[in-house]
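Student: Each chain is listed here by its residues.
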Amino acid sequence: MPATATGVHHRSYASELRLRHTRAEKARLVLVALLVLALPFLVTPYWLTIVNQIGIAIVGAVGLNILVGYTGQISLGQGGFLAVGAYSSAILHLRADLPVPVSIALAVLTTAVLGAFFGIPALRLKGLYLAIATLASQEVILFTVRTWDAVTGGTDAISLPRLEMAGFVFRKDFHWYWIIAAFAVLAVITGRNLFRTGLGRSFMAVRDQDIAASAIGIDVTKTKVLAFAISSAYAGLAGALTAHYTGIVTWERFTLDVSVLYLAIIIVGGLGSIAGSVYGAIFMITLPALITRFGQDIQSVWSDAAAKVPAVQVVVFGLVIVLFLIFEPRGLNRIWQRMKDYIRFWPFRY
Amino acid sequence: MTEFFQLTLFGLSNGAILALAALGFVLIYKATGVINFAQGHFLLIGAYVFYAAMLVFGFHWSLAILVGVVVAIALGVLVERFVLRPMIGEDAIAVIMVTIGLSSMLGGGVQFFFGTSPKQTPKFLPSGSLELAGATIPYSRLAAIVIAAVVLTAFTLFFTRSRHGIAMRAVADDQQASLTIGISVRKVFAMAWALAAVTAVIGGILLADLTGVSANLAGFGLVVFPVVILGGLDSVPGTIVGGAIIGLLVQYSAGYIGNGFEQIVPFIVLIAILMVRPYGLFGQTRIERV
Numbered sequence: 001m002p003a004t005a006t007g008v009h010h011r012s013y014a015s016e017l018r019l020r021h022t023r024a025e026k027a028r029l030v031l032v033a034l035l036v037l038a039l040p041f042l043v044t045p046y047w048l049t050i051v052n053q054i055g056i057a058i059v060g061a062v063g064l065n066i067l068v069g070y071t072g073q074i075s076l077g078q079g080g081f082l083a084v085g086a087y088s089s090a091i092l093h094l095r096a097d098l099p100v101p102v103s104i105a106l107a108v109l110t111t112a113v114l115g116a117f118f119g120i121p122a123l124r125l126k127g128l129y130l131a132i133a134t135l136a137s138q139e140v141i142l143f144t145v146r147t148w149d150a151v152t153g154g155t156d157a158i159s160l161p162r163l164e165m166a167g168f169v170f171r172k173d174f175h176w177y178w179i180i181a182a183f184a185v186l187a188v189i190t191g192r193n194l195f196r197t198g199l200g201r202s203f204m205a206v207r208d209q210d211i212a213a214s215a216i217g218i219d220v221t222k223t224k225v226l227a228f229a230i231s232s233a234y235a236g237l238a239g240a241l242t243a244h245y246t247g248i249v250t251w252e253r254f255t256l257d258v259s260v261l262y263l264a265i266i267i268v269g270g271l272g273s274i275a276g277s278v279y280g281a282i283f284m285i286t287l288p289a290l291i292t293r294f295g296q297d298i299q300s301v302w303s304d305a306a307a308k309v310p311a312v313q314v315v316v317f318g319l320v321i322v323l324f325l326i327f328e329p330r331g332l333n334r335i336w337q338r339m340k341d342y343i344r345f346w347p348f349r350y
Numbered sequence: 001m002t003e004f005f006q007l008t009l010f011g012l013s014n015g016a017i018l019a020l021a022a023l024g025f026v027l028i029y030k031a032t033g034v035i036n037f038a039q040g041h042f043l044l045i046g047a048y049v050f051y052a053a054m055l056v057f058g059f060h061w062s063l064a065i066l067v068g069v070v071v072a073i074a075l076g077v078l079v080e081r082f083v084l085r086p087m088i089g090e091d092a093i094a095v096i097m098v099t100i101g102l103s104s105m106l107g108g109g110v111q112f113f114f115g116t117s118p119k120q121t122p123k124f125l126p127s128g129s130l131e132l133a134g135a136t137i138p139y140s141r142l143a144a145i146v147i148a149a150v151v152l153t154a155f156t157l158f159f160t161r162s163r164h165g166i167a168m169r170a171v172a173d174d175q176q177a178s179l180t181i182g183i184s185v186r187k188v189f190a191m192a193w194a195l196a197a198v199t200a201v202i203g204g205i206l207l208a209d210l211t212g213v214s215a216n217l218a219g220f221g222l223v224v225f226p227v228v229i230l231g232g233l234d235s236v237p238g239t240i241v242g243g244a245i246i247g248l249l250v251q252y253s254a255g256y257i258g259n260g261f262e263q264i265v266p267f268i269v270l271i272a273i274l275m276v277r278p279y280g281l282f283g284q285t286r287i288e289r290v
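Same order as they appear, the protein sequences are chains A and B.
Those letters in the first sequence? Residues 1 to 350, by my numbering.
Those letters in the second sequence? Residues 1 to 290, by my numbering.
Source of the hints: derived by calculation from the structure; they are not laboratory data.
All C-beta atoms, glycine included, are put in the ideal place defined by N, C-alpha and C.
Please note: incorrect hints may appear among the correct ones.
Within a straight-line C-alpha distance of at most 20 Å, the following computed DMTMM-like cross-link-like pairs (lysine to aspartate or glutamate) qualify [unchecked claim]:
#1 B/Lys123 - B/Asp209
#2 A/Lys126 - B/Asp91
#3 A/Lys126 - B/Asp234
#4 A/Lys222 - A/Asp210
#5 A/Lys126 - B/Glu90
#6 A/Lys26 - A/Glu16
#7 A/Lys126 - A/Asp219
#8 A/Lys26 - A/Asp341
#9 A/Lys172 - A/Asp156
For each label pair, taking beta carbons as the anchor points, the in silico distance ranges come out as [to be verified]:
#10 B/Thr160 - A/Asn193: 57 to 63 Å
#11 A/Leu319 - B/Ala74: 55 to 61 Å
#12 A/Leu319 - B/Thr160: 35 to 41 Å
#13 B/Ile88 - A/Leu319: 16 to 22 Å
#14 B/Tyr256 - A/Thr197: 50 to 56 Å
#15 B/Phe57 - A/Gln296: 54 to 60 Å
#16 A/Val30 - B/Gly212: 56 to 62 Å
#17 B/Thr160 - A/Ala157: 51 to 57 Å
#18 B/Gly212 - A/Ala306: 25 to 31 Å
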């Protein structure tokens with residue numbers, strides 16, 4: 001941008017729709033791509049497992065942000081949908097002997113259909129009431145998983161063999177990194193581009209004013225159900241990846257706490273922002289790991305430290321949510337934008 | 001028949017405590033329009049404060065209850081002032097998440113100081129049991145029902161007779177109109193949170209006596225949702241009826257169906273009610289439909 005330019009101006013619709021306008025944005029994209037490629041070579045094995053968890057969380061968070069941030073439908077059922085994804089992929093792989101890519105694809109489809117079904121209350125309910133209804137869906141899904149012994153194995157964990165494709169066994173975190181990174185990148189790209197399409201725009205219209213949206217010809221019913229289906233598809237993918245990556249599927253991994261974690265990710269990252277989902281996932285997954293580390297470090301000073309770590313993690317988790325909502329409800333994404341603006345306009349304030 | 005009688009009594013006593021927890025929920029929703037996801041954790045705090053006062057500091061149980069109530073009032077006022085007031089005018093999602101964050105802080109705090117293993121408090125409700133029509137009815141359960149009934153009646157009287165109660169109803173109805181006639185909306189908000197915390201603490205203390213003290217008590221907070229939705233989010237009598245119905249349903253399904261089905265019955269009722277009559281049995285039909 002030349003020094004005389006006053007901002008970003010568009011002379012055609014195509015230029016406005018472009019995702020990246022300035023040279024700085026393109027340069028950052030290259031840097032991020034390089035970082036994604038170099039990351040597994042730079043971090044220790046312990047942090048690589050954290051990185052993989054972040055990758056999976058990004059997929060799920062993008063999905064939840066589509067529903068909550070962009071369509072304005074509050075869902076406390078993300079954990080349930082992750083469970084559906086994980087269990088259906090595991091069961092299809094083990095019982096029906098389907099290859100993993102096929103079982104994952106079918107799991108995504110199953111979760112999308114089920115998500116659309118559990119989205120039906122959204123057609124009648126809004127806000128607080130919808131949140132409570134999705135909370136009930138979460139409980140119903142997990143109860144089904146726990147008691148439907150014949151299919152899900154009940155409360156026993158299902159263990160999965162290591163992923164093997166074309167004779168290659170994905171046994172290390174390093175191998176899995178590439179699969180998870182590919183899916184996380186795919187989730188971000190599809191999520192970002194969804195909101196350049198008519199469907200994505202109708203999601204936002206429903207969020208901003210549903211009556212006005214229907215007045216300009218948007219089918220609100222269809223839009224809401226689709227938002228639930230698309231969001232659940234991402235959740236299903238995240239669940240299926242968790243299942244095959246960890247090799248163990250158990251209902252305890254998909255409780256209400258997980259739904260809350262995902263909501264926290266998108267709130268801390270920034271509601272209605274795909275980049276925010278990524279920042280939030282990185283922040284909320286790294287934080288407990290850092291606390292664990294810190295607890296180990298101060299163990300020599302305070303011998304109880306390691307035992308107190310889980311409690312401290314829970315308190316800090318809650319504190320982060322509360323502080324973000326009070327001081328920066330638009331999340332890390334907004335903080336990052338403010339920093340960029342500050343540098344861009346320096347020495348002027350605006 | 002004996003089993004039926006027994007299940008009914010256990011259901012009613014659970015329902016009574018549920019109604020207490022739900023009452024706090026309704027108080028907050030009525031006055032401030034906030035759904036408090038941390039209500040279960042207020043129960044938890046109540047139980048643990050009571051436990052700590054009795055066993056760690058060695059207070060008499062009546063003094064321990066007093067300590068619990070004082071802590072509850074302080075907690076309610078602080079939470080309203082520092083957590084909920086900045087949220088006025090924010091989206092539903094922000095309000096929900098801030099109370100969820102709060103519940104996480106409370107739960108984590110309890111875990112930090114008391115660990116995760118269940119604790120046993122000395123009983124203060126009368127022990128022993130009554131044989132009636134072949135069923136064994138512990139006195140403690142009967143006492144819980146009586147205490148809950150007294151507290152609920154007191155609150156109903158408070159809302160209809162006392163100036164403060166009437167002021168709270170006025171604020172719930174129209175905040176601006178209440179301001180013009182000289183009601184301090186801030187004080188009413190603080191009072192709603194304090195009273196809600198007090199009811200939760202009483203519920204927590206009763207639960208502590210009946211079932212012991214552990215982190216699982218917070219799970220009771222989840223069962224409160226079906227109760228308040230069934231009774232109506234803004235109705236005090238609704239909590240009593242809702243609490244009784246949910247308490248009975250849970251016990252009957254545990255006794256006659258079993259297989260863990262009782263954990264899910266409240267939520268099935270919840271979804272059904274939300275789909276058919278979202279404002280509940282006694283709630284005002286003000287809900288925004290889509």
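Student: Against the structure shown, which of the earlier numbered hints fail to hold, in ascending order?
Tutor: Numbers 9, 11, 15, in rising order.
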